[in-house]
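Enquirer: Fit chain B to the supplied structure of chain A, relying on the hints for placement.
In the order they appear, the protein sequences are chains A and B. Under the working numbering, the very last position in the first sequence is 903; numbers go up by exactly one each time. Under the working numbering, the very last position in the second sequence is 903; numbers go up by exactly one each time.
To be clear, the hints were calculated from the coordinates, so they are not data collected in a lab. There may be inaccurate statements among the hints.
Copies of the same chain look alike in the list, so a pair counts if it fits in one copy or across any two.
[Claimed, not checked] Mimicking BS3-like on lysine-lysine, the simulated pairs with C-alpha atoms at most 27 Å apart in a straight line are:
no. : residue 1 : residue 2
1   : Lys802    : Lys768
2   : Lys588    : Lys835
3   : Lys712    : Lys813
4   : Lys675    : Lys697
5   : Lys508    : Lys722
6   : Lys726    : Lys903
7   : Lys697    : Lys672
8   : Lys497    : Lys813
9   : Lys722    : Lys836
10  : Lys903    : Lys561
11  : Lys574    : Lys588
12  : Lys726    : Lys768
13  : Lys565    : Lys526
14  : Lys651    : Lys561
15  : Lys508    : Lys843
16  : Lys712    : Lys497
Quick caveat: nothing in here was measured; it's all calculated off a predicted structure.
2 protein chains.
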Amino acid sequence: MGKQAKEASYLIAKSSLTFRNNALASIAQELKKKGTLILRENQRDLKIAQNRGLSSAFLDRLRLDNKTLEKMAEMVMEVKRLPDPLGNLLWEIKRPNGLLIKRVSVPIGVIGIIYESRPDVTVQAATLCLKSGNAVVLRGGSESFFSNLTLTRILQKSILEAGLPKYTVQIVKSRERKAVKYILSLSNYLDLIIPRGGESLIKMVSLNSQIPVIKHYKGVCHTYVDRKADLKKAISITYNAKLQRPGTCNSTETLLVHKKIASTFLPKIINRLKNARCEIRGCQKTLKIYPGIKRAKREDWSTEYLEKILSIKVVDSLKEAIEHINLYGTQHSDSIITEDKKRGEEFLKRVDSAAVYLNSSTRFTDGNEFGLGAELGISTDKIHARGPMGLESLTSYKYIIYGNGQIRK
Amino acid sequence: MGKQAKEASYLIAKSSLTFRNNALASIAQELKKKGTLILRENQRDLKIAQNRGLSSAFLDRLRLDNKTLEKMAEMVMEVKRLPDPLGNLLWEIKRPNGLLIKRVSVPIGVIGIIYESRPDVTVQAATLCLKSGNAVVLRGGSESFFSNLTLTRILQKSILEAGLPKYTVQIVKSRERKAVKYILSLSNYLDLIIPRGGESLIKMVSLNSQIPVIKHYKGVCHTYVDRKADLKKAISITYNAKLQRPGTCNSTETLLVHKKIASTFLPKIINRLKNARCEIRGCQKTLKIYPGIKRAKREDWSTEYLEKILSIKVVDSLKEAIEHINLYGTQHSDSIITEDKKRGEEFLKRVDSAAVYLNSSTRFTDGNEFGLGAELGISTDKIHARGPMGLESLTSYKYIIYGNGQIRK
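Pulled out of the complex, with its shape left as it was, chain A reads as follows (with noise of 0.2 Å):
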């Protein structure tokens, strides 16, 4: 599998972007045209997770419907719109002794790429591997196995259509854990490894593998409200950041509030939330203000709820909380209310995460809101690539010297 990617890998690496976008919009057709036999075997995959009673969210990332195909289809046709990533030239130089340095974007070579039960992101990661060069071996969650084998095979047989290497695109074909095992056994033949999930997963992976890895790690993400804040905004964004879709990431799990105005601005807005159901976890001075409510424990200022759920922190200063968000936070996406320019800029400067915020919701991290296009997941490393992974984010480079027969003296 590892050496079938490696040689499909130097094929598509000098393949032109016509191949790779006629191979895409063979893609996106088949999708439509093999509507009826993926939903069959998605049906297959949700009968078997019903049965081990697994939770309606996951459930719900699980389903395809001929409308999620459709959106399949119309995102690959985005992926083949957007502009070749390879071949670009990044910096370049003439040195005093005649040499030509050229610094060019090529594609990594072979993507392992281990995610959920979400047979959407086996087409979305295909796509961009694909278009940026790169031969991918994927792993999903075990529970989408019927959906992604069809998939896979219609992807492999657009691709091979177009006259690309069929093996551009490979999935592992076991149900089993160990299959993360397998993946990360194939160090002679893949250049990176990209883990998305669940915290057990993303060690495993980090530490028993020789291949380079790019988390894809959970966000426990801020919002804080400082004492200069504009208290209708905070409002606003607090709720939209916290509720907007509180299953995702960029979700703000803990609330940080400056003391100066928590006694104002607190009652408000957590009346606001108790309304949308949402449960509040408070500090000691936040059930102070606001009485009945639960008390956060240790735990709770590291917890990515990924529901109805927000920790919320009376702190004394802008310092605390920064401090408080680059101890617990997951360098994701944290965002500061306030009207005051010197304090916004001491916060965006000091938190060390991926996305920093003045006045809006964390929930813009994502590639289209930042106008990157079709992204891959968000990664909360810092290594290569930080925050939402686009096409740019799976090319490499290399430099190419053009002589006249120098040699070094």
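Expert: Frame of chain A, contents of chain B only:
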């Protein structure tokens, strides 16, 4: 140690360029002022290494004298003169909803560097990290123990006097190999590990690290003399690539020669190399053309000699040369000698290495030769940084988003 480094990293990250440059100027001065002390401690290391019977090449790399100290100080001043790699606007976009999104360069955080017994690398690594706003945890080879301890004290004193945190630079004070495992255990504090050196060290680090790793691995570099080569250039470049400094990672280890010119080219280059006492190990076809030399074994194709030894293989085609390099090389530096532009481009595009050369010596892969300024070494990975790692490679980025109350719909 990790905690101290993390705390220092937050302070150094927000320091202004003036402070960092003042520290660098002070380091350069101190290196000259404390020369006697440094050389005395270096003598202690040298004596132990001599008693252990280490090679003269090894002792050369370990040895400091007034001239090398002068050079180290000059290198520090050169780093001072480089532009600030921090706070640079890399990309920006104004979204239809009014959000202004900026991608800005920031330090990586805390970097762990594991390297050979070369005290000059201690100063180079520390000053590059300081300039780029990172804290660093160093671990040099155990034979450079006393030299490194003194140098680190000098670095820390200058940094402290410049008003920056002393623990911006730290060194692991242990001579034992387990010191490497200690660094790897600091996964809560370190953001990146850079191992330089031998194969076993690099493998051990990438296998045991939960922290992202950028490998500085060996260089099995190639010079390919095409059938359309200018033979004069081919001889001069091959000779330079092999012998100008055989102990470096960008020296050519294998010469590939197209069969159509092998019988004219090989006797000329082999005679010239043998005159310089370079050992030749040839494939069967090479031996037919030039009998009496040693036969290359399969493992020669993947051996980094770092000595006056060259393996030679006659290939049937450009394609075979490319495939040989991609199979046996280490994706470091590879050169084609040809006057045929199309064949040249084919090589430059399809050889999957950090630096690919047309009609020039592989010895040019170096930060200064590329005009990047001082460098930390040569990355053989494709993730984050490839080839010579200058200041820019020691930075990450963050997204800063300026809003005015925006929420996600």
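Enquirer: Failing hints, ascending?
Expert: Violated: none.
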